[in-house]
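Now for the letters of each chain:
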Amino acid sequence: MGMGEYVITICSGSNCEGRNSRALESVIAKELAKRGLADTVTVSVSGCLGMCGKGPVVIVNPQYTIYNYVTENDIPEIIEEHVCKGKPVARLAVVEDHLFNRFYRVFGDVKFFSKQMRIALRNCGIIDPENLDAYLSVRGYEALAKVLTNMAPQEVIAEVKKAGLRGRGGAGFPTGVKWELTAKAKKEDKVVICNADEGDPGAFMDRSAIEGDPHTVLEGIIIGGYAVGAKKGYVYIRAEYPLAIKRLERAIDDARKAGFLGNNIMGSDFSFDVEIKLGAGAFVCGEETALIHSIEGSRGMPRPRPPYPSEEGLFEKPTLINNVETWANIPVVILDGAEWFSSIGTPTSKGTKVFALAGKVKNTGLVEVPMGTTIREIVYDIGGGIPNGKKIKSVQTGGPSGGCLTERDLDTKIDYESLAKAGSIMGSGGMIVIDEDSCMVKMAKFFLEFTQNESCGKCTPCREGTKRMLEILTRITEGKGVEGDIEKLERLGNMIKKASLCGLGQSAPNPVLSTIKNFREEYEEHISGGKCRAGECATFLSYEITDKCVGCTSCKRVCSAKAISGEPKKKHTIDPDKCTRCGLCYSTCKFKAITKLNDRRKS
Amino acid sequence: MNGEVRKIKIIINNKPYEVDAGQTIMQAADKLGFHIPRLCYHPKLSIEGACRVCIVQVEGMRNYVASCAYPVSDGMKIFTNTEEIRRARRDIVELILDNHPQDCHTCERDGICELQRLAYAMGIRHRHFEGERKRYPKDLSSFSVVRNPEKCILCGRCVRICSEIQKVNALGQAHRGFQTVVMPAYNMPFSESVCSCCGQCINVCPTAAFVEKNSTQELFAKLSDPSLIKVAQIAPSVRAAIGEAFGLPPGRAMEKECAAALRKLGFDYVFDTPFSADLTIMEEASELLERLKGHGKLPMITSCSSAWMKCMEQFYPDMIENISTCKSPMSMQSALVKTYFAEKIKADPKKILSVAVMCCTAKKYEAARPELCTDGVPDTDIVVTTREFAWMVKSAGIDFLHIPGEEFDHPMGRSSGAGVIFGATGGVMEAAIRTAYELYTGETLMDIDIMPVRGITGIKEGAVKMGDVEVRVAVAHGLGNAMKLLDIAKKDPNRYHFIEIMGCPGGCIGGGGQPYADSNSIPLDEDCLRARAKALYGIDKDKTIRRSNENPDIQRLYKEFLGKPLGEKSHKLLHTHYAPKSPRGIIAENMKVR
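Protein chains in written order, with our numbering: chain U, 1 to 603; chain X, 604 to 1197.
Careful, some of the hints might be misleading.
Unchecked claim - Straight line, CA to CA, 20 Å or less: simulated EDC-like cross-link-like pairs of lysine to aspartate or glutamate:
no., chain 1, residue 1, chain 2, residue 2
1, X, Lys770, U, Asp435
2, U, Lys488, X, Glu686
3, U, Lys30, U, Asp74
Note that these hints are calculated values from the structure, not bench results.
Model the full assembly from the supplied sequences, consistent with the hints where possible.
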């Protein structure tokens, strides 16, 4: 990055790239060249900023102006008005209430970032992830240097313990304690693993961290290797993340060339290298022992513990395995100190957590907040609240392993214990906002379909039990639920939770059990009430054409089931027996002449 | 660990007990008389923790704990029988049943099925969770083993025994979730895979997911054909185990009852495989002496284990020339039945039905080998396992436990003790040494109980002084140990002169066709194997003739018919050859040292 007066940064996270953000680079270069500014204005790319709902995102410094939804046609205006004349283009810029915060100098007065505290994602959106010098310019590898020159391995472990960092993969095990156990293991040859398998559907925290700042993760891993006495590290990354893999490969290559990996790192006695291992499409391989078996070349099935990986892991060596986000926090713990780190968060959960905020909320994307922030703050202050004037119904956290919280739980603080007490889990950071138009039974079924599909099949409760739960849920959503089904779901769910071999099975019933606990009426309405109050379950729906119909024939033409009949300019009718409840006629009708009923009893 | 085992205190169901540290909850509980129900656990196989039937509650732990995997610790409070854990176990077993065919009455294992026993013990009287049931076709391609994935409960015992003990790795779990199924790679037919037909999967399978290929229908039909001359032979290992199929504890030698039952089933002549075992020794000992003189490759490897032969052809093709060219006793006898015996009774060989009752599933594969046919007709027409034989006896209403015993027929019914011990690991080696010694030195070996080759240690080594030479021998049982031994021999070709391999753990007495373990024991129980072996060594000890070369019927056979060992007629009838085989997944030329 050069030191020109103006710097234009284009976000190259997967979401923005998907909307063709990279194409903007050449357009900007052309516009600058036209005005003779090619040498004084710097153009660069950065990793994911997190404002994924508003991409492509372009940042113009030194005003810290964030432009959203930027297309090629907007570029001439931005260059002309903002860069040449110094006037930011208001219609494209994200400008909201000015709120002071620690990162104002980076992100400006954008409300989306106001309550965030970006530690794991500190460099994402700021630096070019494929440029080692960019990383070095933001104190990159300084933590590693500090560790190798001034700290003994035990001191590193003590610092991580003092910081109170807990595993960000979902289990929340105290990281320092895990490091200590691995370091203490009697066998000499140790190994470090970074779990980048991120299988929760829709989750992309780890992906963005690696795409946006791969060196941070690497630095954390190398420090961890030093602390426990390992010489080799593996990053197990899912094959579905090609951009992250490419950036990580580049980062490892650059780090090796610069002497941050390999023999005698930075001239010390410590030698360490990292290898990438690709996943092959199994969610269960995010479970630590299944992941280890996958690297060993066996089928990715978990095994009983003890022995824990810290005693006996990869190829029977003591293995330290941590999540991407956990590793990304390590350089900050070392540089800024355990005392500062532990000042953030709650008494039991220190530091920050990255969430993938999705669903019925105005601002979707990646957010990183200090532990202790309430769900309400995330959903309303950062997320901007529910769009289209709808009512909030639930917030789902923890992905397919988590639970659905209610409006009453909105003031719950983000914290491992508080979320568990409220009936959900922290998980790896998925947070989905649900409004009144979503059926909770269907949502539980969606998650259970996923876990049953991904179950490795080894243990009986998970393999067979989730299938039976899914069969019951499917019947309920199809209007074939019977008395006793909810009790069966509870009986099976509670047994599967406690009897399964690994975390996948132990948490698979959570969405079902929590929706039964918090939204039991919806289940009962499906079973004995004949109604789906959210209007999502097709069997319960019916569409009816009212007298407002002018006979425009639009609905008849879009109906693929040929269920609508009627003459032009005469009122049309829908045959309920042929209707598949796809809803296309409802959304096509310009005259609001079709009503949607969600109660079988009334149709 | 320094020898002294630490004692700790645990509390089971509110009562305190003192137990050794360093064991699992299940191991400690077993020793105290608490038999926690289980399915996938097996003491000889790695801990799987898959079935979740052995779960118990441990105070302070939120989830249930698999007792087969979790170690005891001082002060641990364990509950094995609360209402909650009983209900959880019951539900887990019901879940298994719900994905299992409901055809107990027509199943091969009705009455001897571990799942049945468990379902009964768990008290499942009502199905709460029934839904879709998996559907798979049966794999009937193999000569020896039939695979029925619909009955599989995914305990993983077959996968583990095939990969950990037999080291053939023919089976594995594939796919995920409800679609999980145990199969050979790429779901290829069993007959095309590296499966050695050893049948250990049948031995450990708790249900009828693996059973032997059934020949009883065919045999019953042929037994009622008046135009056929029905000749039976029965392996030594069958007599040592058949009693278990009728409720007796292992180790009762019942050859006289077997002979009587076979005649009651309709056989015209009942011969004894140990007779041809003696014959095998005559040929093989002579072959060994020839090789010791320099005519042929050393070490010489025994060839009576057909599963091992398939393994050698697949995995050690470059050592095929080390294999003894002798046929197995079963095949030698069948060849003679249709020549020597046919001549004696002046019968048309094509009218002779040669049936072998074997402890072995691989013998079904062996009987079908093209090299063991004469003019397109197999020497051995039908092979039935001990299980199939026991079923036929029960089905025909023969009161096996009470029938008066009978003798085997001449001229192929008399055997020396050496022929009988063929069933135990080390038996072939011991028999061979007893005769080879005499053939080489001209003197009779007096200390004929050769202890170093006996017992169930996986690989045994020994050295026998025969006159001026010292013959170095090795014995292995179980295919995994066999491969290990062969790797040693490959690296150090002068280490051994003679190697005995039996493909099944314990030797043939542990074969894939032996009776199922009853409700009080586990499959492949070591005490059971020892008891069966003891029965055979007991028969040997009680015989007057204990060396194969002293068997007068064998002497007569050579005098009247064969001429001399390794003679022209012997070569034609009693010897065979092997060739490299490349089932899918194996490229013979590329096989590296394993």
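Here is how each hint holds up against the structure:
no.: 1; hint: X:Lys770 <-> U:Asp435; in the structure: 56 Å, violated
no.: 2; hint: U:Lys488 <-> X:Glu686; in the structure: 17 Å, holds
no.: 3; hint: U:Lys30 <-> U:Asp74; in the structure: 13 Å, holds
Hint 1 alone, counting from the list given before, is not met by this structure.
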